[in-house]
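Number of protein chains: 4
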Amino acid sequence: MIRTIVWGENIHEHLNETVGRIYPDGMHTTIAEALRRDEAIAASTATLQEPEHGLPAHRLDETDVLIWWGHRDHGAVSDEVVEQIARRVYEGMGLIVLHSGHFCKPFKRLMGTPCALRWREAGERERIWTVNPGHPIASGIPDNFVLENEEMYGEFFSVPEPLETVFISWFAGGEVFRSGLTWRRGAGNIFYFRPGHETYPTFHDATVQKVIRNAVHWACNPQPAPIQCHEAPNVPVDSAPEPISERGPKLHQAGEAGYR
Amino acid sequence: MIRTIVWGENIHEHLNETVGRIYPDGMHTTIAEALRRDEAIAASTATLQEPEHGLPAHRLDETDVLIWWGHRDHGAVSDEVVEQIARRVYEGMGLIVLHSGHFCKPFKRLMGTPCALRWREAGERERIWTVNPGHPIASGIPDNFVLENEEMYGEFFSVPEPLETVFISWFAGGEVFRSGLTWRRGAGNIFYFRPGHETYPTFHDATVQKVIRNAVHWACNPQPAPIQCHEAPNVPVDSAPEPISERGPKLHQAGEAGYR
Amino acid sequence: MIRTIVWGENIHEHLNETVGRIYPDGMHTTIAEALRRDEAIAASTATLQEPEHGLPAHRLDETDVLIWWGHRDHGAVSDEVVEQIARRVYEGMGLIVLHSGHFCKPFKRLMGTPCALRWREAGERERIWTVNPGHPIASGIPDNFVLENEEMYGEFFSVPEPLETVFISWFAGGEVFRSGLTWRRGAGNIFYFRPGHETYPTFHDATVQKVIRNAVHWACNPQPAPIQCHEAPNVPVDSAPEPISERGPKLHQAGEAGYR
Amino acid sequence: MIRTIVWGENIHEHLNETVGRIYPDGMHTTIAEALRRDEAIAASTATLQEPEHGLPAHRLDETDVLIWWGHRDHGAVSDEVVEQIARRVYEGMGLIVLHSGHFCKPFKRLMGTPCALRWREAGERERIWTVNPGHPIASGIPDNFVLENEEMYGEFFSVPEPLETVFISWFAGGEVFRSGLTWRRGAGNIFYFRPGHETYPTFHDATVQKVIRNAVHWACNPQPAPIQCHEAPNVPVDSAPEPISERGPKLHQAGEAGYR
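Chains as they are written, first to last, in the numbering used here: chain R, 1 to 260; chain A, 1 to 260; chain L, 1 to 260; chain B, 1 to 260.
Excised from the complex, chain R in its bound form (with noise of 0.2 Å):
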């Protein structure tokens, strides 16, 4: 089983009449009972306003791979909890952003950049187009689909050039954007997936619910253990792989720590 947290800010379904309509026990349940139509898969959910946001670290360390929605509230989210995530992706823990969250601080925290992008609220038709066929998240999905309602987002999205570009947009209002895109972090993988503005229905579409399932597959790491990528260790002389004698000057005494 693929332990699943679907993570979900949790606020403007409780403020805003048409987005409670649509989903009225919370986005990250909707998303959890699509998981849960794949039998490999276990999703459980936490939101933003549980004690530590419903992510302590051991919870996050029984996490095969977290589903992130956020919007109107990023800046709510603890350093503490968004540092604890950072540490997990480069354990293995995959990351699957979904809209909005493009803003949100665990995926900023990782890619290091902005993440902006231009957006408009119009109820627009959005075609999605497969562009990489042969890729696991595109498995079983056509070669476009479409989303009839949906907020558009277009480029320049300010993210690093991804390992590999899954999914593009195409907007009745003119725009693209690149709304699957593939990183690795450490042993991490990392999707981001454009769709799923809370006003409309996007999270009951059952294409959109399997690229979700699709991606919480490819981003399992079965890795058995965690990786060594935090820390910087000494490799003390006389444990080279080869054998060397120490020469010149240094500056550590040995067994000394490095500088962070």
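Worth flagging that the hints you see were computed from the coordinates, not collected in a lab. The model shown is predicted, which means the values in this text are computed figures rather than measured ones.
No copy labels: a pair is met if it fits in one copy or bridges any two.
For lysine-lysine, the following DSBU-like pairs were computed, each having C-alpha atoms within a straight-line distance of at most 35 Å:
hint	residue 1	residue 2
1	Lys210	Lys108
2	Lys250	Lys210
3	Lys108	Lys250
With chain R fixed as given, assemble chains A, L and B onto it according to the hints.
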């Protein structure tokens, strides 16, 4: 002229007799002099001890390429200056990070990863191989060259997969390291170059100097104006590139800024 | 001066009245004239009908960037010339492939993939978006520009994942296409640029011309000498960079060439 | 079950006494037996001497991953079989190329580059470092491992910049080599793995065997159906995803195939 700043931490030159003897005017001065041997490069310096570490925003705004060497006191660099550097990189300022700078704040901020590695200070032989001989940074560099005494850095180097790998180091003690790596972040070109431990005369080496000069040319982005990459502008319906009509429910009022 | 050859198939200009009227001296001539507006570029032309298609090895050896437009008779290009082009690209000659050139022999040879796509000739609107505004090829290009009448090319474009994606096209008929893609092969920079159907005046468009001029500058690799990338030289034991002794059984005799 | 074929050239096992003693049933048999230790892998073999080299199209159509070892007689592989292999890779068959296979026809065909390197047969020590410990191919592989006697391969290895670099080799004689590299071509995953000179018992090494088993799992693409990547279908105006009207001059008649 390519306007560069060579930033030096400027500590060990004063604390450690060996370092002070090799770099009596500071490592930053030696590197800047090496850059000035290229008539197309204008090299200035800045150090940790100056106000704003010598990097006020207005100076960064008139800088094409920033070169960074730091080691002992990465934590002393102010977060405000780090954010200004990151902003300028997105806008097109090149960044060249040398040796122990792998752990400096601006590099970790832009990579989004731990940037850790293993190390050994034994004055051992480093042999640097060119694995991308057509890359501009390798122009005029032989297929391999030797630094007789260097600190060892070994993999795993926890950075994002680079755009291109230019150099790989062989160490007498048995390790290897990806010693020349490139990334683009926004409009900014970033190059990490491994050699340069302060107790050895690495920055007096002619080949090392040539690599850094090549990297300055490569990193300089002559784009006439800063790109728009920080903000997420709204595109009103009546400004859409293709005519569309507004449909469906809305979250935002016309002209409202998005959430961050 | 960057020495360029604009290669034109030079067929439809003579067979099709529309094409002949738009490009009375051939498309290659129009493109070459556009390049000459940049004082740093020296532009010559070559066509399919010339001996060796105007591309004898000695001429390629003195060429920095080759620009290719072909459509009707890709198969007429000789395999010997294709191999000479590939050799020069590995050695550092830039290659810019335009529009229907996606199916030309040199491009398929260098990509190693089918380079297929879907298409429609309906004179529809193409809107080209810059998705990598800091890339040198996008220098001075607006965030998007329109070609009012173009042939549609749609994904999946079966090429290798590029080094960077620079432009993406939006079509009125609903498709998207990765319209500006870069690769490096050996020391050679390769750029594919989508627009340029022969029945429309695309190569008279000022923005299209600027993109091609930018691409010539980007593709030009000023490396002083061809890199060694074709041969697999034996390194005899007594020439090993580090001293070693020969051990164990051998297949090859000393000085023998490897198998190919 | 992942359906694999281990292809062996099967020449040196019969000509060279040393090779015959290490691999009495052929290298392909040793590798296939190593794969069968994983219950999820079904391993068969094929050799150069069989009709169509044991790789008729119908057999390739039922193969998930092809593993290739060849050295002495690359030229004897028929171009028709090479094209069938390339076709299947685009459609999703994985390809793992071992050691001297760097010069085999299918690999050069798919890379589009010379795939050259430097080499030395001196039985020297090779130390292979994991530089991407989170990659599935590195699962369970230590941070480095040693092959006491191997042929040296040195950079520059003239292949396209990989999707990811997984392993880098250190050689006692002073060279380095990117020993584990990945690419995707169409829907096909390709992995090059360096070790495996026939006069040494490399394919009896447990860690080498584990890397190859990991690579089989990684390379297998469980996409349900071959992707469309060979043809360039016309999309008639009345089948455009969004309604458009035909405009302007045309080159092609309705329903006509494009030029190739």
